[in-house]
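Taken in order, these protein sequences are the chains called A and B. Here the working numbering runs 1210 ahead of the position in the first sequence, where the first position is 1. Here the working numbering runs 19 ahead of the position in the second sequence, where the first position is 1.
Warning: the hint list may mix true and false statements.
Covered stretches of chain B (chain A as the covering partner; in silico rule of three or more C-beta atoms under 8 Å from a C-beta of chain A) [as the list claims (entries may be wrong)]:
hint, stretch
1, 207 to 217
2, 246 to 255
3, 263 to 270
Mimicking DMTMM-like on lysine to aspartate or glutamate, the simulated pairs with C-alpha atoms at most 25 Å apart in a straight line are [as the list claims (entries may be wrong)]:
hint, chain 1, residue 1, chain 2, residue 2
4, A, Lys-1564, A, Asp-1348
5, A, Lys-1590, A, Glu-1301
6, B, Lys-58, A, Glu-1440
7, A, Lys-1485, A, Glu-1428
8, A, Lys-1590, B, Asp-282
9, B, Lys-26, A, Asp-1348
10, B, Lys-58, A, Asp-1348
11, A, Lys-1590, B, Asp-259
12, A, Lys-1485, A, Asp-1461
13, A, Lys-1590, B, Glu-276
14, A, Lys-1564, B, Asp-160
15, A, Lys-1485, A, Glu-1440
16, A, Lys-1507, A, Asp-1581
17, A, Lys-1590, B, Asp-74
18, A, Lys-1564, A, Glu-1423
19, B, Lys-26, B, Glu-175
20, A, Lys-1564, A, Glu-1546
21, A, Lys-1590, B, Asp-223
22, A, Lys-1590, A, Glu-1620
23, A, Lys-1507, A, Glu-1517
24, B, Lys-26, A, Glu-1307
25, B, Lys-58, A, Glu-1559
26, B, Lys-198, B, Asp-223
27, B, Lys-26, A, Glu-1464
28, A, Lys-1507, A, Asp-1344
29, B, Lys-26, B, Glu-90
30, A, Lys-1564, B, Asp-127
31, B, Lys-26, B, Asp-160
32, A, Lys-1507, A, Glu-1440
33, B, Lys-58, A, Glu-1307
Bear in mind the hints are in silico, worked out from the structure with no lab data behind them. Every residue, glycine too, gets a C-beta built ideally from N, C-alpha and C.
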Amino acid sequence: MTRKKVAVEATIPEQRVFAVDSMSRVEGEGRLRVVVKGDEVVEAELSIFEAPRFFERLVVGRHPDQVIDMVARICGICPVAYQMTATEGFERLFGVELDANVRQLRRLFYWGEWLQSHALHIYLLHAPDFLGYDSALDMARDHRSIVERGLALKQVGVDIMALLGGRAVHPVGMRVGGFYRVPTRGQLRALLPALEVALEDSKETVRWTSSLELPEFERDPLMLSLYDAELYALDTGRLVTTEGIDVDPGDWDEAFSEQHVEHSTALQATSIDGKRHLLGPSSRVVLSGQGLHPLAKEALEASGGVEIIRRNMFASINARGIEMIHAAAEAIAIIEAYEPPADPFVSWEPRAGKASWATEAPRGVLFHRYDVDDEGRVVKARIVPPTSQNQAFMEDDMRGFAGSVLDLPEPEAAARLEALIRCYDPCISCATHFLRLEVERI
Amino acid sequence: MAGNSTKPLRVGVVKFASCDGCQLGFLDLGPALLEIGVKYHIIEFGEASSNRTPDGPFDVLFVEGSISTDEQARHIRRMRDRTGVLVTIGACATSGGIQALRAWAGNDGGIAGFIDAVYAMPEYIDTLATATPVADHVDVDAELRGCPIDTRQLVELLTATAIGRRPQLSSEAVCVECKRAGRVCVMVARGEPCLGPIISNGCDALCPGMARGCYGCFGPRESANGDSLAGWFADSLDLDDAAVAATFAGFTAWSPELRAVIDARGGPPGMRAAPASGSGKAANSKGGAA
């Protein structure tokens, strides 16, 4: 078998191009390319050739509960993130007040997706980079118990999603006002033994990932996440950045915007004044870590502290593990305190206006805005996935990191750059409006 | 199918326009994932492995996603030539998926209007006006339906293919499973529109089990009478044409049986044909809630 993915392009002698034509172990299809002249990185591009699917246009004319089912299909790995963000945007516009236990079930549902997504990324996509394998299947030949721990962690997340949503990929349980059906106490408590194991496995995950050798790559990033003084921010609080932006989650588009950048075919999101931010697990642990469960805080300290996560992108694997501890611990607490609500959902009346909200998808802040008519039908939609907000920052990091791999043979250098990009857990299928790239030669 | 040789089959998993959720079915096999190597040698699976052999040749190729660009149409033909058994997985590959709705864009500005609605620089967009099933482009040997596919059906197909027998996949309606499970009918008891009478059951009647109507993930079963069900929605549930079309215009809307119903009732929401007498935007026409 050959490793065909790495293409070393024929170029003028003093210019070298490191390119990965089809990235592996990411969700969706993308390529990356760094152009170097002498010791200078003159170009760093992460491009997407995922075919456009036009979701923002497809939801026009639909009622809210159909929108929820449709936007799940943006991403098979994080459908709950899309459903949650849309649902809570509509609920805010329509003035829906959720029952306290339904509110907690929403968080539980989301923690299930986080566990599933983080376990998938840490064990099946990311860890092979640190241990020198092409895939988790190859890794399992030598480290079977580690891969099995990852599969078990993932399964717990899948089980939570399936109980509340019917199934883990494109679940069908959520609606504006609550859920179609809520579980009994007994059904929920049946998850507890597996969650107790998952909590211990998550702690073990962080012990393991923090023992992995990280490539040396330090910088001082601007960061963006939700922040909630009371909770580990998931779908409540404020949108904050390291340099002082502080807005309501529904007003993302007043502080940030998308631009169509030359040489890139993606719409890249930055703050209004053009600053590029990192979002996702590392940013959350840094900006809203005060809300982490004590067990997660303990693991964070033992792993070497927050500063490594802030400065070194490769430590995002620790941040994901720390968030799994939190997710498992809060899931247990929610289940133990659960009392079934009188009704699985409350009824609501549509009204015209802007239904917008932002939540923390496993990969970072996800923003939706729907302009709706007086019957609640979508007139116009805007969906800004985390990966398109991270993209400009990823390119900056590629530019910064490339210098350290220039002396390596091209295929190895390209593989190192690809490993850097994997740290962001890019979800390219999610990137509803990434565009096809025609590579521009310099 | 793919034979009884003791040598592992060379397998690929590739995608076109899709959400990656059906490929995830392989990673959701759990412990079975670690045993799969006995019969299957995965030589191309971009989402899971850096060890790539994108050009095959493949004994078995699993294809996710619908064909929505010229390049994808050329690519699937190349892949077909290098593949023994080609299996489409999921609603996108088997019937076009939700993105197939763009085929109705002609009712409201065409595909150019779609591109303008999403992208600032339309000239960079390379897309076809349709997103079509793989079988519209090349011969397909087997299909797994669903949005997403069901992991149990995937296990059945992998098992059957490994030993060269025909997979046993359900062809009965969602309704049959509801009756078997003794569930109260959401349409009869609560007046919820439900596509269960005409849709294949690959999901154990998931949505009625969650107290809501089926929205058609697994596509129409053989000899489905969509028009009869649509008439029932109109007469008994008092849905107007727009609401009936909206109910049918989901994740398998482009399958011929559902498409006919949607066409006869003016098109999907946001892409409705202008009434013959008026010139108002179809997207704003009044219609009842689905």
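Hint check:
1. 207 to 217: violated (count 0)
2. 246 to 255: violated (count 0)
3. 263 to 270: With 3 residues in contact (Cβ-Cβ under 8 Å with chain A), the coverage given for the stretch 263 to 270 of chain B holds.
4. A:Lys-1564 <-> A:Asp-1348: 49 Å, violated
5. A:Lys-1590 <-> A:Glu-1301: Status holds; Cα separation ~17 Å.
6. B:Lys-58 <-> A:Glu-1440: 52 Å, violated
7. A:Lys-1485 <-> A:Glu-1428: Within the cut-off at roughly 19 Å; holds.
8. A:Lys-1590 <-> B:Asp-282: Between Lys-1590 (chain A) and Asp-282 (chain B) the Cα gap is close to 24 Å, so the pair holds against 25 Å.
9. B:Lys-26 <-> A:Asp-1348: 19 Å, holds
10. B:Lys-58 <-> A:Asp-1348: 15 Å, holds
11. A:Lys-1590 <-> B:Asp-259: Roughly 23 Å between the alpha carbons, so the hint for Lys-1590 (chain A) and Asp-259 (chain B) holds.
12. A:Lys-1485 <-> A:Asp-1461: Judged against 25 Å, a Cα distance of about 17 Å means the pair holds.
13. A:Lys-1590 <-> B:Glu-276: Between Lys-1590 (chain A) and Glu-276 (chain B) the Cα gap is close to 30 Å, so the pair fails against 25 Å, i.e. violated.
14. A:Lys-1564 <-> B:Asp-160: Violated, at roughly 47 Å.
15. A:Lys-1485 <-> A:Glu-1440: The hint is violated at about 28 Å.
16. A:Lys-1507 <-> A:Asp-1581: Violated. Lys-1507 (chain A) to Asp-1581 (chain A) sits at ~40 Å, over the 25 Å cutoff.
17. A:Lys-1590 <-> B:Asp-74: 41 Å, violated
18. A:Lys-1564 <-> A:Glu-1423: At roughly 47 Å apart (the allowed maximum being 25 Å), Glu-1423 (chain A) and Lys-1564 (chain A) break the hint.
19. B:Lys-26 <-> B:Glu-175: 20 Å, holds
20. A:Lys-1564 <-> A:Glu-1546: 36 Å, violated
21. A:Lys-1590 <-> B:Asp-223: Between Lys-1590 (chain A) and Asp-223 (chain B) the Cα gap is close to 35 Å, so the pair fails against 25 Å, i.e. violated.
22. A:Lys-1590 <-> A:Glu-1620: 45 Å, violated
23. A:Lys-1507 <-> A:Glu-1517: It holds: about 13 Å lies between the C-alpha atoms, which stays within 25 Å.
24. B:Lys-26 <-> A:Glu-1307: The given pair, whose Cα atoms are some 60 Å apart, is violated under the 25 Å limit.
25. B:Lys-58 <-> A:Glu-1559: Judged against 25 Å, a Cα distance of about 55 Å means the pair is violated.
26. B:Lys-198 <-> B:Asp-223: 11 Å, holds
27. B:Lys-26 <-> A:Glu-1464: 60 Å, violated
28. A:Lys-1507 <-> A:Asp-1344: The hint is violated at about 32 Å.
29. B:Lys-26 <-> B:Glu-90: 33 Å, violated
30. A:Lys-1564 <-> B:Asp-127: Cα-Cα ~23 Å, so holds.
31. B:Lys-26 <-> B:Asp-160: 21 Å, holds
32. A:Lys-1507 <-> A:Glu-1440: 15 Å, holds
33. B:Lys-58 <-> A:Glu-1307: Cα-Cα ~53 Å, so violated.
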